[in-house]
Amino acid sequence: MTIKTRNRLNLSLFIFSLVFLAANIFIFLFTLYNKSFNLDFSRNITVSTKTNFLTRYNPIIVIVSLYFQIIYVCVTSFMLFRVFEKTQATDISYFFLFLIALIANSLRIWLPLFNMVSTYSNFLEFCGNCILFSKLLMPLSLLFAVVMGDVEQRQDLEKNIFLLLVGCIIFAQIIPLNTANICMNFEVDYSYRNVIRIASILVILATLVALFFQNKQRFYTQLTTLGLGLIISGTFVLFNSTNLLRLISSFVLLLFGDIFYLKELHKQYLWND
Numbered sequence: 115m116t117i118k119t120r121n122r123l124n125l126s127l128f129i130f131s132l133v134f135l136a137a138n139i140f141i142f143l144f145t146l147y148n149k150s151f152n153l154d155f156s157r158n159i160t161v162s163t164k165t166n167f168l169t170r171y172n173p174i175i176v177i178v179s180l181y182f183q184i185i186y187v188c189v190t191s192f193m194l195f196r197v198f199e200k201t202q203a204t205d206i207s208y209f210f211l212f213l214i215a216l217i218a219n220s221l222r223i224w225l226p227l228f229n230m231v232s233t234y235s236n237f238l239e240f241c242g243n244c245i246l247f248s249k250l251l252m253p254l255s256l257l258f259a260v261v262m263g264d265v266e267q268r269q270d271l272e273k274n275i276f277l278l279l280v281g282c283i284i285f286a287q288i289i290p291l292n293t294a295n296i297c298m299n300f301e302v303d304y305s306y307r308n309v310i311r312i313a314s315i316l317v318i319l320a321t322l323v324a325l326f327f328q329n330k331q332r333f334y335t336q337l338t339t340l341g342l343g344l345i346i347s348g349t350f351v352l353f354n355s356t357n358l359l360r361l362i363s364s365f366v367l368l369l370f371g372d373i374f375y376l377k378e379l380h381k382q383y384l385w386n387d
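Residue numbers (our numbering): 115 to 387.
Derived by calculation from the structure, the hints in this document are not laboratory data.
Even for Gly, the Cβ is constructed at its ideal location relative to N, Cα and C.
Incorrect hints may appear among the rest.
[What the hints assert, rightly or not] Pair ranges (Cβ atoms, derived):
#1 316 with 269: 25 to 35 Å
#2 307 with 347: 15 to 25 Å
#3 267 with 185: 25 to 35 Å
#4 148 with 264: 49 to 59 Å
[To be verified] Derived SDA-like pairs (lysine to any residue); straight-line CA-CA distance at most 20 Å:
#5 118 with 195
#6 200 with 115
#7 149 with 177
#8 273 with 262
Please take these sequences and the hints and turn them into a complete structure.
Set out below in structure tokens:
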């Protein structure tokens, strides 16, 4: 993949996420105006009785977190386009897939906007598959960014991206969904949830350990390891932002994660170039 192609992809993702954000804001305002918006999920969700406003479940907070998720993709994709515009950063191509996973996961917002909670539809199943796809792609894309981000692996970049996307799509289609159960974060339930969660944690740990030793071997600082750890933590918190405390925490983690990881990664490539 050439630098020009990668820059076009990052710019395209920025434009798409911007349009996607505007479209979802319009849909939300339209449903409010049409009085068709409701958050009556009592059939599926047990609302917390906690009195603390910071830790109390609030469906509005979930919606706000999803809009923030789209904004994060928009801002970060623009940063990738501007900051790494002239650098041969293979890692950034895989980080691009991480942002794709966030966009796919943000389709959770369509469940309340289109009132898909109470009835089954093919559209609901499609959203469920996209959400599951994002859960599979997110940790694997970051693992590939670390393990396959070397200069020696650059010639296999397109093949690795293709295999990664196709593999996640296939497994997202194979794993059964439970569309009768909508989680508190507007996520369609799916089978093997604990297995996927444990596998994701193991992949993330392997990613951070590999990056730690990679930086140590090349005599780099561990700011990229710290930054990537913050980004991963912020993403997991954001995916489950059902209260105000989690939303604030995800914002702080992702903000400092981007600053540490992308800034230090850019310094490393400038030094090598």
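Going through the hints against the structure:
Separated by about 28 Å at the C-beta atoms, residue 316 and residue 269 satisfy the suggested range of 25 to 35 Å. The hinted range of 15 to 25 Å is satisfied by residue 307 and residue 347, whose Cβ atoms lie roughly 20 Å apart. Between residue 267 and residue 185 the beta carbon distance is about 32 Å. The supplied range of 25 to 35 Å therefore holds. Checked against the given bound of 49 to 59 Å, the beta carbons of residue 148 and residue 264, roughly 53 Å apart, stay inside it.
Pair hint residue 118 plus residue 195 holds up; C-alpha atoms about 10 Å apart against a cutoff of 20 Å. Proposed proximity of residue 200 and residue 115 is supported: the alpha carbons are some 13 Å apart, at most 20 Å. A distance of roughly 17 Å separates the Cα atoms of residue 149 and residue 177; the hinted pair therefore holds under the 20 Å criterion. A threshold of 20 Å between alpha carbons decides the hint, and for residue 273 with residue 262 the separation of about 11 Å falls inside it, so the pair holds.
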